[in-house]
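Colleague: All chains, please: the whole structure from these sequences, using the hints.
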Amino acid sequence: GAVVSQHPSWVICKSGTSVKIECRSLDFQATTMFWYRQFPKQSLMLMATSNEGSKATYEQGVEKDKFLINHASLTLSTLTVTSAHPEDSSFYICSARDEGRTYSNQPQHFGDGTRLSIL
Amino acid sequence: GENVEQHPSTLSVQEGDSAVIKCTYSDSASNYFPWYKQELGKGPQLIIDIRSNVGEKKDQRIAVTLNKTAKHFSLHITETQPEDSAVYFCAARYNQAGTALIFGKGTTLSVSS
Numbered sequence: 008g009a010v011v012s013q014h015p016s017w018v019i020c021k022s023g024t025s026v027k028i029e030c031r032s033l034d035f036q037a038t039t040m041f042w043y044r045q046f047p048k049q050s051l052m053l054m055a056t057s058n059e060g061s062k063a064t065y066e067q068g069v070e071k072d073k074f075l076i077n078h079a080s081l082t083l084s085t086l087t088v089t090s091a092h093p094e095d096s097s098f099y100i101c102s103a104r105d106e107g108r109t110y111s112n113q114p115q116h117f118g119d120g121t122r123l124s125i126l
Numbered sequence: 020g021e022n023v024e025q026h027p028s029t030l031s032v033q034e035g036d037s038a039v040i041k042c043t044y045s046d047s048a049s050n051y052f053p054w055y056k057q058e059l060g061k062g063p064q065l066i067i068d069i070r071s072n073v074g075e076k077k078d079q080r081i082a083v084t085l086n087k088t089a090k091h092f093s094l095h096i097t098e099t100q101p102e103d104s105a106v107y108f109c110a111a112r113y114n115q116a117g118t119a120l121i122f123g124k125g126t127t128l129s130v131s132s
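Protein chains in written order, with the numbering used here: chain F, 8 to 126; chain Z, 20 to 132.
To be clear, the hints were calculated from the coordinates, so they are not data collected in a lab. It should be emphasised that the depicted structure is a prediction, and the values quoted were computed from it without experimental measurement. Glycine residues also receive a C-beta, built at the ideal position from the N, C-alpha and C atoms. Worth double-checking, as some hints may not be accurate.
Derived BS3-like pairs (lysine-lysine); straight-line CA-CA distance at most 30 Å [said to hold, decoys possible]: (1) LYS41(Z) - LYS90(Z); (2) LYS48(F) - LYS61(Z); (3) LYS76(Z) - LYS48(F); (4) LYS61(Z) - LYS62(F).
Pulled from the structure, derived: some chain Z residues nowhere near chain F, Cβ distances all over 12 Å [what the hints assert, rightly or not]: (5) GLN33; (6) ILE81; (7) ALA89; (8) LYS90; (9) SER93; (10) GLU98; (11) VAL130.
To list a few chain F residues with every Cβ distance to chain Z over 12 Å, as calculated [what the hints assert, rightly or not]: (12) LYS27; (13) THR85; (14) SER90; (15) HIS92.
Modeller: Here's what the structure looks like:
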């Protein structure tokens, strides 16, 4: 079945470091990918929509200079958390729509997330 | 924008019982409603979805019902098993290119044997 691969699964780093997270759709192409953030015991909050070949669209309150998104190909989107601080510690999850399906039934598949811990 | 409400936040059942989770959505333009299961430390896994032109869909022990007029949809799990224990999320989306899913707050289901 459709698979979204996310890497790394776990990162621990010092405050001030920049961290890059990769999201790949393994067996389908995705013009659009999505980045979510999830705090413990809470729901998934949409951060931004990543568009292949163009700028990402950020949700209100999400700093685009803090969370850099690059969607360089139809199967790869990256999220870079720049100059990370402890308050950026969270579970980041990417998602992609299987656009190979008919337009009215495009399931959205999720990666297994990246747990980011900033010391 | 879309807002999805989900109830209950926690649900405990005995093995073999049925479990029902309910969601309401605010945007009448939404036309795609999936349900996800999330296990600890993992990403959400799609378990069933329904489009707005269908009132009910079933897949073995799992079923979803949709009432467009009332703008609510429900997940039904029958003959629950301990491995059904997880957090379940409902979501809604308008099926236009580039639109993202908006999630409910989740339901923690515990199935005891």
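Colleague: Now, for every hint given, state plainly whether the structure supports it.
Modeller: Hint check results:
1. Between LYS41(Z) and LYS90(Z), the direct Cα distance comes to roughly 11 Å. Compliance with the 30 Å bound is thereby established for this hinted pair.
2. This hinted pair checks out: LYS48(F) and LYS61(Z) have alpha carbons roughly 13 Å apart, not beyond 30 Å.
3. At most 30 Å may separate the alpha-carbon atoms for a hinted pair to count; LYS76(Z) and LYS48(F) meet this at roughly 29 Å.
4. For the proposed pair LYS61(Z) and LYS62(F), the alpha carbon gap of about 28 Å is at most 30 Å, so the pair holds.
5. Every CB of chain F lies more than 12 Å from the CB of GLN33(Z), the least distance being 24 Å, so the non-interface label holds.
6. No beta-carbon of chain F comes within 12 Å of the beta-carbon of ILE81(Z); the shortest separation is about 15 Å.
7. The beta carbon of ALA89(Z) is kept farther than 12 Å from every beta carbon of chain F, the shortest such distance being approximately 22 Å.
8. For LYS90(Z), the shortest C-beta to C-beta distance to chain F comes to about 19 Å, beyond the 12 Å cut-off, and the non-interface label holds.
9. SER93(Z), annotated as away from the interface, keeps every beta carbon of chain F farther than 12 Å; the closest lies near 18 Å.
10. Listed as a non-interface residue, GLU98(Z) keeps its Cβ farther than 12 Å from every Cβ of chain F; the least gap is roughly 24 Å.
11. Distance check for VAL130(Z) against chain F: the nearest CB is about 19 Å away, which clears 12 Å, and the non-interface claim stands.
12. Chain Z leaves LYS27(F) outside its interface by the beta-carbon criterion, the shortest separation being 18 Å against a cut-off of 12 Å.
13. Chain Z leaves THR85(F) outside its interface by the beta-carbon criterion, the shortest separation being 17 Å against a cut-off of 12 Å.
14. Separation of SER90(F) from chain Z is adequate, the least Cβ-Cβ distance of about 26 Å exceeding the 12 Å criterion.
15. The Cβ of HIS92(F) sits about 23 Å from the closest Cβ of chain Z, beyond the 12 Å cut-off, so the non-interface label holds.
In the structure shown, no violation is registered for any of the earlier numbered hints.
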